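Place chains B, C, D, E, F, G and H on chain A using the hints.
There are 8 protein chains.
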Amino acid sequence: MGAPVGIVMGSDSDWPVMRQAAEALQEFGVPFEADVVSAHRMPAEMIEYGTHAASRGLQVIIAGAGGAAHLPGMLASVTPLPVIGVPVPLKYLDGMDSLLSIVQMPAGVPVATVAVGGARNAGLLAVRILAAADPALRERMEEFQANLKAQAYAKGERLRAEARELGSLS
Amino acid sequence: MGAPVGIVMGSDSDWPVMRQAAEALQEFGVPFEADVVSAHRMPAEMIEYGTHAASRGLQVIIAGAGGAAHLPGMLASVTPLPVIGVPVPLKYLDGMDSLLSIVQMPAGVPVATVAVGGARNAGLLAVRILAAADPALRERMEEFQANLKAQAYAKGERLRAEARELGSLS
Amino acid sequence: MGAPVGIVMGSDSDWPVMRQAAEALQEFGVPFEADVVSAHRMPAEMIEYGTHAASRGLQVIIAGAGGAAHLPGMLASVTPLPVIGVPVPLKYLDGMDSLLSIVQMPAGVPVATVAVGGARNAGLLAVRILAAADPALRERMEEFQANLKAQAYAKGERLRAEARELGSLS
Amino acid sequence: MGAPVGIVMGSDSDWPVMRQAAEALQEFGVPFEADVVSAHRMPAEMIEYGTHAASRGLQVIIAGAGGAAHLPGMLASVTPLPVIGVPVPLKYLDGMDSLLSIVQMPAGVPVATVAVGGARNAGLLAVRILAAADPALRERMEEFQANLKAQAYAKGERLRAEARELGSLS
Amino acid sequence: MGAPVGIVMGSDSDWPVMRQAAEALQEFGVPFEADVVSAHRMPAEMIEYGTHAASRGLQVIIAGAGGAAHLPGMLASVTPLPVIGVPVPLKYLDGMDSLLSIVQMPAGVPVATVAVGGARNAGLLAVRILAAADPALRERMEEFQANLKAQAYAKGERLRAEARELGSLS
Amino acid sequence: MGAPVGIVMGSDSDWPVMRQAAEALQEFGVPFEADVVSAHRMPAEMIEYGTHAASRGLQVIIAGAGGAAHLPGMLASVTPLPVIGVPVPLKYLDGMDSLLSIVQMPAGVPVATVAVGGARNAGLLAVRILAAADPALRERMEEFQANLKAQAYAKGERLRAEARELGSLS
Amino acid sequence: MGAPVGIVMGSDSDWPVMRQAAEALQEFGVPFEADVVSAHRMPAEMIEYGTHAASRGLQVIIAGAGGAAHLPGMLASVTPLPVIGVPVPLKYLDGMDSLLSIVQMPAGVPVATVAVGGARNAGLLAVRILAAADPALRERMEEFQANLKAQAYAKGERLRAEARELGSLS
Amino acid sequence: MGAPVGIVMGSDSDWPVMRQAAEALQEFGVPFEADVVSAHRMPAEMIEYGTHAASRGLQVIIAGAGGAAHLPGMLASVTPLPVIGVPVPLKYLDGMDSLLSIVQMPAGVPVATVAVGGARNAGLLAVRILAAADPALRERMEEFQANLKAQAYAKGERLRAEARELGSLS
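Read top to bottom, the protein sequences are chains A, B, C, D, E, F, G and H.
Residue 141 in full-length UniProt numbering sits at position 141 of the first sequence, and the numbers go up by one each step.
Residue 164 in full-length UniProt numbering sits at position 164 of the second sequence, and the numbers go up by one each step.
Residue 78 in full-length UniProt numbering sits at position 78 of the third sequence, and the numbers go up by one each step.
Residue 132 in full-length UniProt numbering sits at position 132 of the fourth sequence, and the numbers go up by one each step.
Residue 128 in full-length UniProt numbering sits at position 128 of the fifth sequence, and the numbers go up by one each step.
Residue 132 in full-length UniProt numbering sits at position 132 of the sixth sequence, and the numbers go up by one each step.
Residue 87 in full-length UniProt numbering sits at position 87 of the seventh sequence, and the numbers go up by one each step.
Residue 25 in full-length UniProt numbering sits at position 25 of the eighth sequence, and the numbers go up by one each step.
This list has only true hints and no planted wrong ones.
Simulated coverage check for chain H against chain A, where a stretch passes if three residues somewhere in it have a Cβ under 8 Å from a Cβ of chain A:
id : segment
1  : 13-22
2  : 32-39
3  : 84-94
For the record, the hints were derived by calculation from the structure and aren't laboratory data.
Remember, predicted model here, so these are calculated numbers, not experimental data.
We treat Cβ as the ideally placed atom computed from N, Cα and C, and that holds for glycine.
This is chain A alone, in the form it adopts within the complex (with noise of 0.2 Å):
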């Protein structure tokens, strides 16, 4: 069967940022696919994209749009599949016209929107989601969350002893 989780984007100069999403998925073991698939340039075939993507086993579509950004909404109203939206942030208006392209959907469907070029939380959120019936999975996610806290506390001993330096000059 297919991968559970599919990653479009309305063109490859989106990959930079979309990338860390397939990164993120690569480090818990989810299988993926990965796709350009524009709204405005190709709008039959992101249809078709969406229309099949739950037959296809596909659980979770991750999809990036930078600007006017409708390929995540229009992927939501095509599919009953939870659909998580990455603001791509263009030259100009640093993402939030992307943000807001994507987030203010309307009542009836829902885009799970993550930060401006936050690829890589809809990574852990697409793992987070497929965890919710994965018992193993969800433990893989726990301690990646274990992880971080320590990767943070080790920072933190480096900066303590930093700013002891920095306190023992006054």
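Coordinates of chains B, C, D, E, F, G and H only, in the frame set by chain A:
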């Protein structure tokens, strides 16, 4: 043959705003059709509408939408016709989300965007577009513009009088 | 066993917005619990709620908050479950503060954010997440989407008639 | 007879942005003229340009401007032709000032606004407007749109391969 | 000779805001004229107004406009007089569009911009400008400022009393 | 000796917002004074107020202002005391102007800024500052915080009941 | 007698922006003085500067400041002279904080605000204000404006040539 | 006994900004500690840190965070101490998200917010708070403020010279 202008919107709750486009067309005697064509609730029909718009005889599409407003841009992606987008303001954010979702289209797929809530101007823009190849209609537009001036001048008349009175009290 | 969805909010003043999430779940027959769990007024209990959410049988958490809206992100930091954040608009700033406080989470801890005041979509997103592993629920979601289309079509019917009448006056 | 499209801008410093409109027209074989017509530095000439645009044979005007961007709106007030406005971003504010100054026109005088820096789309919109009365040009627009799709599909090809490779490392 | 201050606005709907400029001038006994001079509805007359303002004896122009507010900047481009711009707030966007359209003028053509809806300050600024060459008027401005202080002090009196009462309950 | 907290504002029209600071202090039995001290209408008195605040026995100043809100920052520049700034929202812009005018102080002169309209928190922050050197007051703050929790818990009680009822209908 | 224009700023780091005001004055042969007068670092001297500005012979004050930019408004509160405010952009927020802190002055105390970073226009506005009572200076302003037009026209010349070349390739 | 000021941040990547708070404290000889205490990566430890801060002898907490910046507000909810929040700007949105996430706290739980990136002022605000009960420290703050003035005056000296030279060329 059918009407040259199609007015579409995501929901009939947009009609109080969008009917101002209809009324502007009416003033110029330009036939139009109006319909609910929701990008998010009936995506296949929306694609259908856009795909056949030109062959049905439409020459301009006016599309209004609010929030994550995808209708104008999606229609523009499936028709070679000029698409005019009207940002409909919702309860929050004063239409800034609607505006950015409509105007910030990627290179390749333009939407002719008007002001937040500016449906009347969408109608007038459609008239100007049709008038580009219709000298009689262009003449009516010129008369309309002359009329705007006359009205503004009349308003100035009243204001000058009121200001003189106010000034005479000083 | 307990309900699969927990709806929490920082204050009962958020309930008029958040009950739309509850009603959406109700329409799908998905059991839920609702509670006031304030990040700022009862932080220990909030941490507690998040920490035990998964072991109590919850599969998705919906958290609404306004202003410096910390509840969704804090819960996401102590649970491996997917957390859906609803930006509740306050008296000023139209919910822009709530939106940014919820969506702009750092890498590692995602929150699935919906529109300002978009609690209904939070409920529907929870259904989609649960449906990823529940074919019967997914089918109900597909029916719901078909229904949205039918309603939109019916609204178009009325609008087409009104527009024809308007057009016939021109 | 003269070119059907006039591209004007407030300063030659806008040319690096605005020449993308020219290039789009060139791709479609649509003749155009380009000029500096500053609303603020040569207002009488600007009014002159707009007033005679239609009688000189222009059918569409594309006007780019930045900051307090008055050129598109002022031209629209003196010509019955459709005017397309391009918000040129300046050093600060990311073009938000340019966008609002162009798009928020009062009822009566529409400007067809495109994205911040979106001069290429201004050119394509002009083509669509001309194509409304020119079947051969419309056909070229349809070919152009088919081409956009083909390019997007090819980009997807490369991305799918890269993603498979990335996925195989997991 | 004519009045030294001209108050103009794009529409008489701006008068409820703009008459506060008139009233401020009246308080200082400075004669003024007021008129509707729309940049978009009567551009030629607007250019005319600005071009002859100085020779008619005007010394300062106050111009109010909303949305894509072009009137102050356009007048500034055809007169050597100081032009004061008043951003009139419209139904949406709280006057932010009006403010940016007026204040963000390109180098070469300044507009002296006051607060959103700040017509009273426009009148007072005109008085300050005229007073730069009129010692008697400057003296009246100094009296006005002393008066502002006295009023603020009196308000403080009442507040101190109320606060003492409130404090005595603690 | 005088009250340890001074509450000042630019106009008595700010009092409906600012009295919430007074009421918070009252709840903690902390004496205070309140006055109108306008940066713009009585600058010399404002400088005076700040300059002598510490010697008069004040330990914290709470200053509210709206729009171009200069009072908190100006006071901070003439006193070594901590100054708390309250952005008072005006008719337009939802207090965003007030917030930025208060919080964006240059390095060297800090203002402790609270939320738009957040005068109650200004009072509570003053209590926390005084409590830093007053164990009894700190204890009262801890009781206050425990109380907040109890109230939030009680609200949750009612909400849980209502949600159970709602849930039982599904 | 002293110079008629005083240019002040909160810090010498504002000089690269503010010297453009000085250069504009220089082009018109208008004498000026420049100084660092910080509202926040030397408030008493700042009040002093403003209080004696008129009696020292200044006729216009140009004040630049960034962030919580209080200098222009504070000076305006202690002088009857017209004060021109220049919003200096800081590292973050693109000068939006500076703009709002300067322009949103309360009724009674106007500041003539120019564009973000628009110091050159501040100089030109000072010239216009002085020219209101100085026919020779006004004539120089009219020559300057004629010159702006000539330059813009010359730029158009070059652009027309380049566009013709570009067009001939199509 | 321990240091009176604790400086904490969500990640050591915030240290380049936050060390300016440490340096300010150092200049005043105020001991401090610094640590990484992430609200999202180590929530239990963060709660722990806040809960015991007062009993460990801390009197003020300075907390820096970016994006959905929850650290300052969460600490404020578990300590009765004054908490100073520093909005750390991230790659996008210029710190506006950080600012709103920190400053817009609900009634009951104040955070003393400083400017975007304003860590130096956070240190100085902590000094002011400690100085409220420490006359010697307050005196140092007054010396510091006198020093700021002297520096600003010296900068003015250089600027006056440069401006004279520039002026003499006119």
